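Colleague: The primary structure of each chain is shown beneath.
There are 2 protein chains.
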Amino acid sequence: MTYCIAALLDTGLVFLSDSRTNAGIDRISTFRKMHVFEKPGERALVLMTSGNLAISQSTLKLLQDQISGPDGQPNIYNVSNQFDAAALVGEALREVHRRDATALREHGIEFNASFILGGQIVGEPPRLFSIYAAGNFIEATLDTPYFQIGESKYGRPIIDRVITRSSSLAEAVKCALISMDSTIRSNLSVGPPLDLACIRRDALKILLHRSITAEDEYFRMIRSGWSDSLRHAFHALPNPDLLSRDS
Amino acid sequence: MTYCIAALLDTGLVFLSDSRTNAGIDRISTFRKMHVFEKPGERALVLMTSGNLAISQSTLKLLQDQISGPDGQPNIYNVSNQFDAAALVGEALREVHRRDATALREHGIEFNASFILGGQIVGEPPRLFSIYAAGNFIEATLDTPYFQIGESKYGRPIIDRVITRSSSLAEAVKCALISMDSTIRSNLSVGPPLDLACIRRDALKILLHRSITAEDEYFRMIRSGWSDSLRHAFHALPNPDLLSRDS
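Sequences listed follow chains A and B, in order. Numbering of the first sequence is given in our numbering, commencing with residue 19 and proceeding in unit increments. Numbering of the second sequence is given in our numbering, commencing with residue 19 and proceeding in unit increments.
Here chain A stands alone, though its shape is the one from the complex:
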C-alpha cells in the first residue's frame, strides 16, 4: 500500500510520500514513490505514484525514454505547461495499459495506479494534478487545496480541519507528517522512510527534497507530541452525562 499527499498553497507546494510496497505482508519492500523533474529557473515538478508498482515503474520508464529520446519529442522537461505534462503522464499510463492490461486481467489483477503531479513551469502559476489509472486527470482548484492517493482515509480528517490555501509551507509539512503518522499507525503497509519535497511559489526550483526516517528528530517529536495532544484534548472535553441521567 501507499500513502501520498500533496498540498497547493498560496506560497507553493508540499509533497509527502511513504516508501513501502507490499505484495502480502511477508513481502514488504522499500521503493521510492516520489520523482523530481527540475530545471532551475524554468521548471520544478514532482510526481508521486501509487498502485501496482510494475505499472508505476513502466510508466516512469516511458517518461524517461521520452526525455532521452530524439530532440523535439515532447517530454516532461520541454512541455510548456503543466496540463501538457499531466497529459504526458496520462498517455504513458495508457500505453502501459495497452501493453499489460490483458495479461493482468488473465491473472485476476486489476490495472490499479494513480499519480499526483504538481509544481510550476515558468509563465504559469503553481498547479497540482491528480491522474487516474485511465489516464484522465483533474486539477486542484481554489476549493481543493490538496490531493491524496493510496491509503487516504485515516489521514484525511486532520487535513480537512487545518489545511487551506493560506497555510504556510511549514504548516503544510507539519500537517502532512501528522496525516502520515495517523496512516502509519492504522495501516501496517504504509511506513517510513518518507520522502518530502517543497516548492516555493515562483522560485522555479525544488526548495527541499529529503528523506525522513523513523529516527528523524522532528518527525519523532511530531508523532509523540500529536499523540499526547490528542489524548490531552480527549480528556479535556467533558464526558457525557447521558449515563447518569438514564441509569
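Source of the hints: derived by calculation from the structure; they are not laboratory data. All the given hints hold, so there is nothing to weed out.
Now the stretches of chain B that chain A is said to cover, found in silico as 3 or more residues with beta-carbon under 8 Å:
no., stretch
1, 182-194
2, 239-247
Under 10 Å between C-beta atoms, here's a sample of chain A residues computed to sit facing chain B:
no., residue
3, R174
4, I176
5, V191
6, I196
From a predicted model like this one, the values you see are computed outputs, not experimental measurements. For every residue, glycine included, the Cβ atom is placed at its ideal position computed from N, Cα and C.
We have chain A; now place chain B onto it with these hints.
Modeller: Using the frame of chain A, we list chain B on its own:
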C-alpha cells in the same frame, strides 16, 4: 454508507451507529441500523448492521420470524450464550445468501453485509462479535477492545489512541462520538441521527438507548470542541525548521 462502532470494556459495552442509507447521493434515506434484544435480568443484546439494506432487513426478518415461531425453536431470546446468538445471525445471513445471491450477481451487485453483535447473557461475561457476509464471525479479545463496520477508516485513529479495556463507558461514548464526527465530516453518506446504546456489565439490561440528532447539545459541544482542540493542538506543535535550513 454506514458507520457503526462498538467497544467492549471492563465495565460494559458501548454501541454507536449512524442512520444514513444511500443508493447514489440523490437517494439518501434514514434507516435505523441498531436493533436491541432485551429481557431484563437475563439478556441484553445489541445488533448493528451495515451493507446492502435489503440483505440486512431480510436477515432481521428471519431472526424475528424465529422469535415469533414455534416454541423450542432456537432464537435470539432463548439461546443460552452469545456464541450461539452470533451463529443464529450468521445462519440467517447464509439463508438470505442462498435466496438472493444469484439474483444479485445477475445484476452485478455484490452480496455485501456485515454485522456487530454484543451484549451479555446471564452466566456469561459481556461479549462482542463481528459477523461477516459469509456468516462466519470473530469475537473481540483482550487485545481488541472494539469493532467497526462500514466506513471505518476516517474515525479509527482517535479510537486507536484512546480506547482501552479500562476506559469508562462515558469515555467510550465520548470517543465514539468523536470518531463518528470525523467520519461524518469526511463522508457525506454517513450522517445523523445517531443511535447510541450502553450496557453496564452484569446489569443484564440496556442502560441507555437513545437517538442523537444533529441538534443534540452534547454532540454539538463535542463536534465544535474537538475541532477547536485539534486546531489548537496543531498550532501548538512547533513548525519544522526544515525549510529555513535548506532554503
